[in-house]
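**Student:** Sequence:
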Amino acid sequence: MKRVALMATVAVLAGLVAGCGPINRMSRPDPASGRLIDQGTSADRFMVLNCIYNGWRELAPNVDSTSYARQGADRVRVYRSQDKDGNAVYNPYVDIMQGGFGARVQYVEIPGSNLPRDYENIVKRCMVPYSGSND
207 MKRVALMATV
217 AVLAGLVAGC
227 GPINRMSRPD
237 PASGRLIDQG
247 TSADRFMVLN
257 CIYNGWRELA
267 PNVDSTSYAR
277 QGADRVRVYR
287 SQDKDGNAVY
297 NPYVDIMQGG
307 FGARVQYVEI
317 PGSNLPRDYE
327 NIVKRCMVPY
337 SGSND
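Position in the sequence shown counted from 1, then plus 206, gives you our numbering.
Simulated from the structure, these hints should not be mistaken for lab results.
Errors might be hidden in some of the hints.
Claimed, not checked - Here are the in silico distance ranges between beta carbons for each label pair:
1) Glu264 to Gln288: 26 to 34 Å
2) Gly292 to Gly246: 31 to 39 Å
3) Thr272 to Arg241: 31 to 39 Å
4) Pro322 to Gly278: 18 to 26 Å
5) Lys290 to Ser248: 24 to 32 Å
6) Gly278 to Asn327: 25 to 33 Å
7) Asn293 to Tyr336: 15 to 23 Å
8) Arg263 to Gln304: 34 to 42 Å
9) Ser248 to Asn293: 31 to 39 Å
10) Arg276 to Asn320: 23 to 31 Å
11) Ile316 to Lys290: 23 to 31 Å
12) Phe307 to Asn268: 17 to 25 Å
Values in this document were obtained by computation on a predicted structure and should not be read as measured data.
C-beta: ideal position from N, C-alpha, C; glycine also.
Make the full structure from the sequences, and use the hints.
**Tutor:** This is the structure:
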């Protein structure tokens, strides 16, 4: 778990050091029609990231994460890695960013894709703040 948080932190810092402005070259579904969760939590964003990443890995072995800047906010995206042709699969995906004293979470899936509710339920579960860590 520490490794995932460390990788996410390094990726965000590398983007800041490189002077990256707001960029997003990832293809993704239209958020207006596919966003299921868009809310804040007082849970630490790296705890939320680790929880979702590890939870989704139990559902599908090909889970990945990346960081990027969009609308002036650094985000980490967790998504279902790659398909058989090596293309990133952004269905579903979740963006996690700093939000006040915790995290802002946006969970998106393509409408009509009939994904198991397990992906969404993991996101909801991971947004519940908790104290302590065995990280």
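**Student:** Take the hints in turn and mark each one as holding or not.
**Tutor:** We went through each hint and held it up to the structure:
no., hint, result
1, Glu264 to Gln288: 26 to 34 Å, "18 Å, violated"
2, Gly292 to Gly246: 31 to 39 Å, "35 Å, holds"
3, Thr272 to Arg241: 31 to 39 Å, "19 Å, violated"
4, Pro322 to Gly278: 18 to 26 Å, "34 Å, violated"
5, Lys290 to Ser248: 24 to 32 Å, "40 Å, violated"
6, Gly278 to Asn327: 25 to 33 Å, "31 Å, holds"
7, Asn293 to Tyr336: 15 to 23 Å, "36 Å, violated"
8, Arg263 to Gln304: 34 to 42 Å, "24 Å, violated"
9, Ser248 to Asn293: 31 to 39 Å, "36 Å, holds"
10, Arg276 to Asn320: 23 to 31 Å, "28 Å, holds"
11, Ile316 to Lys290: 23 to 31 Å, "18 Å, violated"
12, Phe307 to Asn268: 17 to 25 Å, "33 Å, violated"
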